[in-house]
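J.: Based on the provided sequences and hints, a complete structural model is requested.
There are 2 protein chains.
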Amino acid sequence: MAQHPTEDAPDRAVGGVPLPRITSADVARESGVSRTTVSYVLNDTAGAMISEETRRRVRAVADRLGYAPSAAARALRSGRSDLVLCALPDWPVGPVIDALLDHLTEELAVRDLSVLVYHCRGHRPLSDLWRAVTPRAVVGFTAFTAEEEDGMRRAGIQVLGTVQDEDLRRPGAFAVPQMQVGRLQVQHLAAQGHRVLGYAAPTDPRVAGFAAPRLAGVRQECRRSGLPAPRVQPVDVSADSGAAAVRAWRTGSSPATAVAAYNDEVALAVLAGLRAEGLRVPQDVAVIGVDDVPAGRLSAPPLTTVSQSVDLQARFLSAAVVAALDGAPEPPHPADVLRLVVRESA
Amino acid sequence: MAQHPTEDAPDRAVGGVPLPRITSADVARESGVSRTTVSYVLNDTAGAMISEETRRRVRAVADRLGYAPSAAARALRSGRSDLVLCALPDWPVGPVIDALLDHLTEELAVRDLSVLVYHCRGHRPLSDLWRAVTPRAVVGFTAFTAEEEDGMRRAGIQVLGTVQDEDLRRPGAFAVPQMQVGRLQVQHLAAQGHRVLGYAAPTDPRVAGFAAPRLAGVRQECRRSGLPAPRVQPVDVSADSGAAAVRAWRTGSSPATAVAAYNDEVALAVLAGLRAEGLRVPQDVAVIGVDDVPAGRLSAPPLTTVSQSVDLQARFLSAAVVAALDGAPEPPHPADVLRLVVRESA
DNA sequence: CTGAAAGCGCTTACAG
DNA sequence: CTGAAAGCGCTTACAG
Chain Z
12 MAQHPTEDAP DRAVGGVPLP RITSADVARE SGVSRTTVSY VLNDTAGAMI SEETRRRVRA
72 VADRLGYAPS AAARALRSGR SDLVLCALPD WPVGPVIDAL LDHLTEELAV RDLSVLVYHC
132 RGHRPLSDLW RAVTPRAVVG FTAFTAEEED GMRRAGIQVL GTVQDEDLRR PGAFAVPQMQ
192 VGRLQVQHLA AQGHRVLGYA APTDPRVAGF AAPRLAGVRQ ECRRSGLPAP RVQPVDVSAD
252 SGAAAVRAWR TGSSPATAVA AYNDEVALAV LAGLRAEGLR VPQDVAVIGV DDVPAGRLSA
312 PPLTTVSQSV DLQARFLSAA VVAALDGAPE PPHPADVLRL VVRESA
Chain S
12 MAQHPTEDAP DRAVGGVPLP RITSADVARE SGVSRTTVSY VLNDTAGAMI SEETRRRVRA
72 VADRLGYAPS AAARALRSGR SDLVLCALPD WPVGPVIDAL LDHLTEELAV RDLSVLVYHC
132 RGHRPLSDLW RAVTPRAVVG FTAFTAEEED GMRRAGIQVL GTVQDEDLRR PGAFAVPQMQ
192 VGRLQVQHLA AQGHRVLGYA APTDPRVAGF AAPRLAGVRQ ECRRSGLPAP RVQPVDVSAD
252 SGAAAVRAWR TGSSPATAVA AYNDEVALAV LAGLRAEGLR VPQDVAVIGV DDVPAGRLSA
312 PPLTTVSQSV DLQARFLSAA VVAALDGAPE PPHPADVLRL VVRESA
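Heads up: the sequence lines are chains Z and S, in that order.
Residue numbering for the first sequence is 12 to 357, as defined by this note's numbering.
Residue numbering for the second sequence is 12 to 357, as defined by this note's numbering.
Treat the hints with care, as some may be off.
Said to hold, decoys possible - Among chain S residues calculated to face chain Z with C-beta under 7 Å, some are:
1. Ala82
2. Ala84
3. Ala86
4. Ile108
5. Leu112
6. Asp113
7. Thr116
8. Ser125
9. Leu127
10. Val128
11. Arg132
12. Pro136
13. Arg165
14. Val248
15. Leu279
16. Pro305
Just so you know, the hints here were simulated from the structure itself, not pulled from any lab data.
It should be emphasised that the depicted structure is a prediction, and the values quoted were computed from it without experimental measurement.
Beta carbons: idealized from backbone N, C-alpha and C, even for Gly.
T.: Put into structure tokens, the structure is as follows:
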């Protein structure tokens with residue numbers, strides 16, 4: 012916005028008088044054919060017998076006029092759009108989902124599909140949106156209610172979505188097995204000889220859906236390996252919070268010698284807390300995170316973590332969307348999405 | 012996607028037979044009025060004299076049937092939608108823009124506007140998209156070409172966009188003054204008595220648009236303060252890269268005693284490089300970043316940085332979009348968006 | 001090889 | 001207070 016009004020803003024001066032839209036009728040008139048022909052040419056409709064000469068002319072005129080079909084009209088007519096809607100949860104997404112979206116956008120662009128991202132916030136129900144834009148598919152990075160999902164399916168929209176681990180066999184489900192994430196953390200820690208583990212849980216209640224299965228996996232693996240149950244402490248993104256948790260873990264007759272964190276960000280806070288308490292990592296306390304964020308490579312010491320291999324997931328997700336759209340069988344889930352990245356902290 | 016086919020997938024079994032859409036005609040028939048009346052009631056059309064009794068009935072039926080107007084039809088009819096499109100650049104966005112989007116989504120939801128985010132990737136031109144969804148406004152977090160912007164304006168779409176510092180007076184422009192960011196970094200460093208500065212530039216060519224003005228600000232402030240020109244080194248997100256830059260800064264007759272980094276992520280890499288080279292922060296070399304990311308609070312030592320106060324920016328952006336939509340005068344740019352956050356690294 | 005015509009679902013003058 | 005009718009721009013049988 013201009014801080015001071017300027018004289019030379021012709022675009023704005025004539026503002027409020029939008030030029031009429033270029034329609035297929037304009038292209039038809041200008042190239043001396045019917046709208047039918049224009050539609051056939053521009054959509055490469057199979058079985059339309061149109062001379063090369065006519066095609067060339069129509070395309071040239073469309074280009075010259077800057078014609079772009081109205082998606083609204085097309086959607087109204089055909090009942091479908093070229094849109095894939097991604098619904099994001101109301102918690103901060105972070106680099107993993109960002110990367111997933113980027114990849115998906117690129118993959119689907121080659122199929123002439125546009126990915127639109129909706130941040131589920133505040134009070135507009137998602138249903139307003141999908142009824143509005145009638146996307147071909149909706150990809151949820153947050154759980155849908157059963158009614159919502161039913162509604163979309165009934166409207167002929169393909170629904171893919173993250174689910175909790177136990178629902179992974181449902182059609183359209185995709186998810187990293189979050190329990191497995193927790194198990195992997197404990198396996199690594201136990202292999203290093205640690206027996207008493209602390210668990211750094213997130214404080215943001217909105218991520219509870221992810222946090223619960225990870226912690227469940229940690230608990231389960233502790234049981235399996237014959238370790239005592241993990242000592243859970245909430246940790247938010249501050250050194251103070253990390254330090255408080257550290258003090259709690261170190262008290263008692265059997266202090267924890269290793270900490271599994273909900274994710275790298277929380278792990279970084281634990282690292283800072285450990286530093287503040289004068290404890291060495293990994294000698295006094297080992298730490299392992301989840302996600303493999305860039306900052307984890309740069310911390311002191313560099314963070315051992317569980318990577319979710321975004322690339323594999325992204326490729327699978329794109330393939331799953333395309334398959335759903337084509338009515339093709341779903342692609343196989345990728346194996347080995349989880350990878351242990353051993354650096355110095357554990 | 013199911014890992015194994017399941018028997019109990021009734022939703023999928025009947026798939027491909029989408030239920031017909033509920034239309035305003037259905038609501039009209041069911042409530043014994045005309046479609047006109049349905050439209051009047053549901054849109055609260057001013058000047059429509061409809062009995063409270065009728066309104067109640069229509070609304071009840073609409074609810075019961077789960078009626079939601081077709082955005083495609085509405086857009087076709089009115090030439091406008093309830094959508095605001097945000098165009099993201101093709102580089103990784105990070106938490107600042109994420110926060111901006113979240114806030115914008117919430118602000119605009121109360122005006123019944125939905126924010127849709129488009130990751131500009133690959134080969135689909137943006138114009139395909141805005142012609143397709145005919146949004147009320149397009150907010151660009153990346154520069155538009157002049158033709159693109161012209162096209163949108165002519166189609167009656169409000170265009171807001173980030174611009175380089177020098178264009179800040181253009182209508183629809185919003186931007187944090189990036190040069191000012193660089194100046195602030197140098198001012199702080201100079202106030203601490205540093206005279207020879209290193210600059211850690213990003214290696215990703217896609218962020219050049221942001222990097223250039225920040226570095227220009229650093230250069231300018233060095234000149235003004237009578238400091239020698241900053242010694243620029245590229246740094247990517249790795250300790251090795253940070254260490255290489257550190258060695259370069261420390262060689263020669265007048266080694267740098269402080270480093271300004273393009274952003275916090277790069278600053279974290281510099282910190283890691285300094286650590287690897289056995290240098291103390293800030294005693295041997297001071298470091299200042301930009302963005303105030305969470306990881307910067309947790310690093311060793313905690314990172315001094317320039318915060319862009321996302322809240323203020325978000326509020327301004329929302330207000331600017333709403334004003335543009337209403338044809339109201341643009342809100343004043345927020346003052347003091349930039350804030351120095353002094354922690355321990357400088 | 002090409003065109004006239006219907007219809008997707010909505011809103012809005014216009015006419016009762 | 002309410003309804004019949006036009007028209008937004010497109011695609012697609014259908015008829016030449």
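J.: Taking the hints in turn, state whether each one holds.
T.: Now for the hints, and whether the structure bears them out:
1. Checking Ala82/S against chain Z by beta carbon gives a least distance of about 3 Å; that is within 7 Å, so the hint holds.
2. Interface hint at Ala84/S: satisfied, since its Cβ lies 5 Å from the closest Cβ of chain Z, which is below the 7 Å cut-off.
3. A hinted interface residue such as Ala86/S counts as satisfied when its beta carbon comes closer than 7 Å to some beta carbon of chain Z; here the least separation is about 4 Å, so the hint holds.
4. With its C-beta approaching chain Z no nearer than about 10 Å, Ile108/S sits outside the 7 Å limit, and its interface hint is violated.
5. About 6 Å separates the beta-carbon of Leu112/S from the nearest beta-carbon of chain Z, less than 7 Å, and the hint is met.
6. Proximity of Asp113/S to chain Z holds as hinted, the smallest CB-CB distance being about 6 Å (cut-off 7 Å).
7. The beta carbon of Thr116/S is positioned within 7 Å of a beta carbon in chain Z (closest approach about 4 Å), and the interface hint is therefore held.
8. Because the smallest distance between the Cβ of Ser125/S and any Cβ of chain Z comes to about 6 Å, under 7 Å, the interface hint for this residue holds.
9. Restraint check, Leu127/S versus chain Z: the minimum CB separation of about 5 Å is within 7 Å; hint holds.
10. Here the hint on Val128/S is kept, as its CB sits about 4 Å from the closest CB of chain Z, short of 7 Å.
11. Checking Arg132/S against chain Z: minimum C-beta separation of about 4 Å stays under 7 Å; hint holds.
12. Interface restraint check: Pro136/S against chain Z, minimum CB-CB distance 10 Å, threshold 7 Å, status violated.
13. Satisfaction of the interface hint for Arg165/S is found here, the shortest Cβ-Cβ separation to chain Z being roughly 5 Å, below the 7 Å cut-off.
14. Below 7 Å, beta-carbon pairs count as interface contacts, and Val248/S has one with chain Z at about 5 Å; its hint therefore holds.
15. Because the beta carbon of Leu279/S sits about 4 Å from the nearest beta carbon in chain Z, less than 7 Å, this interface hint is met.
16. Interface hint at Pro305/S: satisfied, since its Cβ lies 5 Å from the closest Cβ of chain Z, which is below the 7 Å cut-off.
The structure fails to meet hints 4, 12 from the earlier list, while all remaining hints are met.
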